[in-house]
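One-letter residues, chain by chain:
There are 2 protein chains.
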Amino acid sequence: MRALGHPLCVGLDPYLDRLPTPFRRGAMAPQRPDTAHAVEEFCSRIIDLIAGDVAIVKLQVALFERLGGRGWGVLRRVIRYARAAGLLVLLDAKRGDIPETATAYAQAYLAPDALCGVDALTVNPYLGPDTVVPFLIAAEQAARGVIVLVRNSNPDSSAYQSVRTPAGPFFMVVAASLQRWQERLTQGTTGWSSLGVTVAATHAEDTEEIRVALPHALFLVLGYGAQGASAEAAIRGFRRGPAGLEGGMVSSSRPILFPVAASKRGARAWEHGVRSALTRAISDLGAAVA
Amino acid sequence: MRALGHPLCVGLDPYLDRLPTPFRRGAMAPQRPDTAHAVEEFCSRIIDLIAGDVAIVKLQVALFERLGGRGWGVLRRVIRYARAAGLLVLLDAKRGDIPETATAYAQAYLAPDALCGVDALTVNPYLGPDTVVPFLIAAEQAARGVIVLVRNSNPDSSAYQSVRTPAGPFFMVVAASLQRWQERLTQGTTGWSSLGVTVAATHAEDTEEIRVALPHALFLVLGYGAQGASAEAAIRGFRRGPAGLEGGMVSSSRPILFPVAASKRGARAWEHGVRSALTRAISDLGAAVA
Chain A
1 MRALGHPLCV GLDPYLDRLP TPFRRGAMAP QRPDTAHAVE EFCSRIIDLI AGDVAIVKLQ
61 VALFERLGGR GWGVLRRVIR YARAAGLLVL LDAKRGDIPE TATAYAQAYL APDALCGVDA
121 LTVNPYLGPD TVVPFLIAAE QAARGVIVLV RNSNPDSSAY QSVRTPAGPF FMVVAASLQR
181 WQERLTQGTT GWSSLGVTVA ATHAEDTEEI RVALPHALFL VLGYGAQGAS AEAAIRGFRR
241 GPAGLEGGMV SSSRPILFPV AASKRGARAW EHGVRSALTR AISDLGAAVA
Chain B
1 MRALGHPLCV GLDPYLDRLP TPFRRGAMAP QRPDTAHAVE EFCSRIIDLI AGDVAIVKLQ
61 VALFERLGGR GWGVLRRVIR YARAAGLLVL LDAKRGDIPE TATAYAQAYL APDALCGVDA
121 LTVNPYLGPD TVVPFLIAAE QAARGVIVLV RNSNPDSSAY QSVRTPAGPF FMVVAASLQR
181 WQERLTQGTT GWSSLGVTVA ATHAEDTEEI RVALPHALFL VLGYGAQGAS AEAAIRGFRR
241 GPAGLEGGMV SSSRPILFPV AASKRGARAW EHGVRSALTR AISDLGAAVA
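These protein sequence lines map, in sequence, to chains A and B.
The opening residue of the first sequence carries number 1 in my numbering; numbering runs sequentially from there.
The opening residue of the second sequence carries number 1 in my numbering; numbering runs sequentially from there.
No lab work stands behind these hints, which were simulated from the structure alone.
Please note: incorrect hints may appear among the correct ones.
[As the list claims (entries may be wrong)] In the DMTMM-like style, the derived pairs of lysine to aspartate or glutamate whose C-alpha atoms are separated by at most 25 angstroms in a straight line are:
1) A:Lys264 to B:Glu100
2) B:Lys264 to A:Glu100
3) A:Lys264 to A:Asp48
4) B:Lys264 to B:Asp17
5) A:Lys264 to A:Glu41
6) A:Lys264 to A:Asp17
[What the hints assert, rightly or not] Computed footprint of chain A on chain B, listed as stretches where at least three residues anywhere in the stretch have a Cβ under 8 angstroms from a Cβ of chain A:
7) 59-65
8) 93-107
9) 110-117
10) 166-177
[Unchecked claim] Which chain A residues face chain B? A few, computed with CB under 8 angstroms, are given here:
11) Phe23
12) Pro30
13) Asp34
14) Ala62
15) Leu63
16) Gly68
17) Lys94
18) Gly128
19) Pro129
20) Thr131
21) Ser157
22) Phe170
23) Val174
24) Ser177
Backbone N, C-alpha and C fix where the C-beta goes; we use that ideal spot for every residue, glycine too.
The whole structure should be built from the sequences, with the hints applied where relevant.
Rendered as structure tokens:
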């Protein structure tokens with residue numbers, strides 16, 4: 001990200017009903033082999049279009065998982081393809097369970113010999129701070145990253161995450177419980193931790209609170225673009241680094257994957273739409289961190 | 001459960017390092033085909049041993065997911081085998097995401113044409129009440145069940161779930177937000193809702209609070225047996241039905257799957273150990289609800 005000069009993370013969300021015309025095959029149903037093939041083709045083409053210009057891609061597991069066993073194969077090949085193209089891969093799986101079970105999830109995605117190894121994984125903390133630890137141990141051992149859900153950008157997340165407690169809003173209870181591990185996983189020379197957290201560009205004031213509690217956590221910033229948050233709101237809590245402001249990755253998916261008018265036209269128009277949206281997001285975020 | 005006279009739900013958790021001697025093959029690693037085969041054989045044998053005596057089995061997805069694409073195939077075959085044996089299947093997947101993505105997870109597990117269809121699914125609510133709704137809509141349409149994580153039994157879950165808020169402990173914020181859907185999904189003649197919630201036998205006083213908020217929610221009761229909670233604590237919040245106390249299913253896994261001494265001996269000893277543990281749990285819980 002320092003080398004590229006911007007913190008954009010492209011979210012690769014292959015929603016079947018949104019797939020652009022050039023990729024659509026027949027009835028587009030999760031049960032159909034040609035649908036799985038269309039998803040793979042779409043993901044590969046996006047990777048071709050962003051490689052070299054973006055540091056990290058975030059894959060939404062649900063959209064592969066619903067394709068069944070075939071989807072699992074597609075997911076593995078897309079991960080391999082993205083990494084071969086020089087991209088880091090963040091798997092947005094939001095897994096979480098009691099420690100012994102969490103260890104199995106960590107083994108699936110973060111262990112050196114994981115069957116579906118990625119560079120980082122999103123983790124849901126609802127079962128307690130100790131249930132996040134097996135992921136952190138695996139991340140530490142294999143030099144991978146973990147992004148814990150702390151604050152989300154969908155409007156309804158506030159119903160739980162912003163509930164008042166004696167220690168501040170509920171998300172601050174979660175943030176505070178991660179402090180020790182955030183510190184422990186701050187290794188190497190970047191000054192940043194392998195333990196990251198989600199923050200919402202749509203609630204930038206919350207981001208500042210979270211930054212105070214977790215000074216070294218990389219943010220996965222949600223809600224930029226499609227949900228209307230500005231680049232300035234997205235980089236709240238970033239701080240001056242050797243190449244500009246830094247402190248996380250800003251996710252954007254739909255505006256880049258499915259440029260509105262272009263998605264219903266031919267391959268060339270869609271590709272042009274993707275590249276335009278990508279360039280706009282990069283220059284918007286790049287200017288904000290400059 | 002009314003016909004069987006007890007609320008036991010067997011948790012089918014094929015932990016590799018705990019698999020009994022008769023099923024072990026070579027090095028037992030997620031990457032090995034013979035390991036996936038051992039898991040399938042173990043699960044099938046458990047189903048043989050409990051079918052007819054238990055109404056529902058709970059499968060822990062993580063332990064299949066870590067076996068990669070092969071694990072997905074094993075999971076589907078085990079689900080089919082359990083249903084053919086007359087068991088209801090609850091998939092313990094703890095999925096949860098923003099609504100559009102939650103819809104994809106619901107399609108994977110709850111839709112009539114799901115590639116991995118089950119009778120009920122566990123759901124993690126951390127992203128907000130609206131993120132549970134796609135699962136509930138799918139459950140309503142396909143007459144399936146959803147179990148929302150509200151209160152868990154692992155000791156550390158209290159660090160988040162019991163945090164004080166103006167509306168009571170945090171888990172009550174979650175419980176209260178589910179009231180409308182609990183009501184809406186109370187259909188048919190049983191008096192119970194297709195929206196269930198987890199409760200912890202290790203925190204039976206919390207169960208009573210949850211029962212007041214959700215009078216028709218079936219409980220998935222955690223923490224009975226291995227975590228030391230009694231049958232009396234496990235059935236807290238149950239109420240008198242046509243065949244005894246009812247109101248949920250009480251999960252037990254390790255004491256039944258891995259009867260301590262017997263797991264290290266031959267097939268016959270292990271099977272005897274499983275049947276003994278099963279009979280003990282059934283008579284313990286059966287006496288409590290009689």
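We went through each hint and held it up to the structure:
Restraint check: the Cα-Cα separation between Lys264 (chain A) and Glu100 (chain B) comes to about 21 angstroms, which is no more than 25 angstroms; the hinted pair holds. About 21 angstroms separates the Cα atoms of Lys264 (chain B) and Glu100 (chain A), which keeps this hinted pair within 25 angstroms; it holds. For the hint pairing Lys264 (chain A) with Asp48 (chain A), the CA-to-CA distance comes to about 20 angstroms; that is within 25 angstroms, so the pair holds. A distance of roughly 12 angstroms separates the Cα atoms of Lys264 (chain B) and Asp17 (chain B); the hinted pair therefore holds under the 25 angstroms criterion.
The suggested pairing of Lys264 (chain A) with Glu41 (chain A) holds, with an alpha-carbon distance near 17 angstroms, which does not exceed 25 angstroms. The suggested pairing of Lys264 (chain A) with Asp17 (chain A) holds, with an alpha-carbon distance near 12 angstroms, which does not exceed 25 angstroms. Counting residues of the segment 59-65 of chain B whose CB lies closer than 8 angstroms to any CB of chain A gives 4, so the stated coverage by that chain holds, three being the minimum. With a threshold of 8 angstroms between beta carbons, the proposed coverage of the segment 93-107 of chain B by chain A holds, since 12 of its residues qualify and at least three are required.
Requiring three or more residues with a Cβ within less than 8 angstroms of a Cβ of chain A, the coverage given for the segment 110-117 of chain B holds, as 3 such residues are present. Counting residues of the segment 166-177 of chain B whose C-beta lies closer than 8 angstroms to any C-beta of chain A gives 6; at least three are required, and the coverage claim holds. Violation of the interface hint for Phe23 (chain A) is found here, the shortest Cβ-Cβ separation to chain B being roughly 17 angstroms, above the 8 angstroms cut-off. Contact between Pro30 (chain A) and chain B, as hinted, is supported at the beta carbon level, the nearest pair being about 6 angstroms apart and thus within 8 angstroms.
Because the beta carbon of Asp34 (chain A) sits about 15 angstroms from the nearest beta carbon in chain B, more than 8 angstroms, this interface hint is broken. Restraint check, Ala62 (chain A) versus chain B: the minimum CB separation of about 4 angstroms is within 8 angstroms; hint holds. Evaluation of the Leu63 (chain A) hint against chain B yields a held restraint, the C-beta minimum of about 5 angstroms falling below 8 angstroms. Using the Cβ-Cβ criterion of 8 angstroms, the hint placing Gly68 (chain A) at the interface with chain B is satisfied: the shortest such distance is roughly 3 angstroms.
For Lys94 (chain A), the shortest C-beta to C-beta distance to chain B is roughly 6 angstroms, which falls under 8 angstroms, so the interface hint holds. Look at Gly128 (chain A): its Cβ gets to within about 3 angstroms of chain B, closer than 8 angstroms, so that hint holds up. Interface hint status for Pro129 (chain A): upheld, as the beta-carbon distance to the closest one in chain B is roughly 6 angstroms, under 8 angstroms. Annotation: Thr131 (chain A) was flagged as interfacial toward chain B, and the flag holds, the nearest CB pair being 7 angstroms apart, inside 8 angstroms.
A hinted interface residue such as Ser157 (chain A) counts as satisfied when its beta carbon comes closer than 8 angstroms to some beta carbon of chain B; here the least separation is about 4 angstroms, so the hint holds. A hinted interface residue such as Phe170 (chain A) counts as satisfied when its beta carbon comes closer than 8 angstroms to some beta carbon of chain B; here the least separation is about 6 angstroms, so the hint holds. Taking 8 angstroms as the C-beta cut-off, the interface hint given for Val174 (chain A) holds, the closest approach to chain B being about 7 angstroms. Look at Ser177 (chain A): its Cβ gets to within about 6 angstroms of chain B, closer than 8 angstroms, so that hint holds up.
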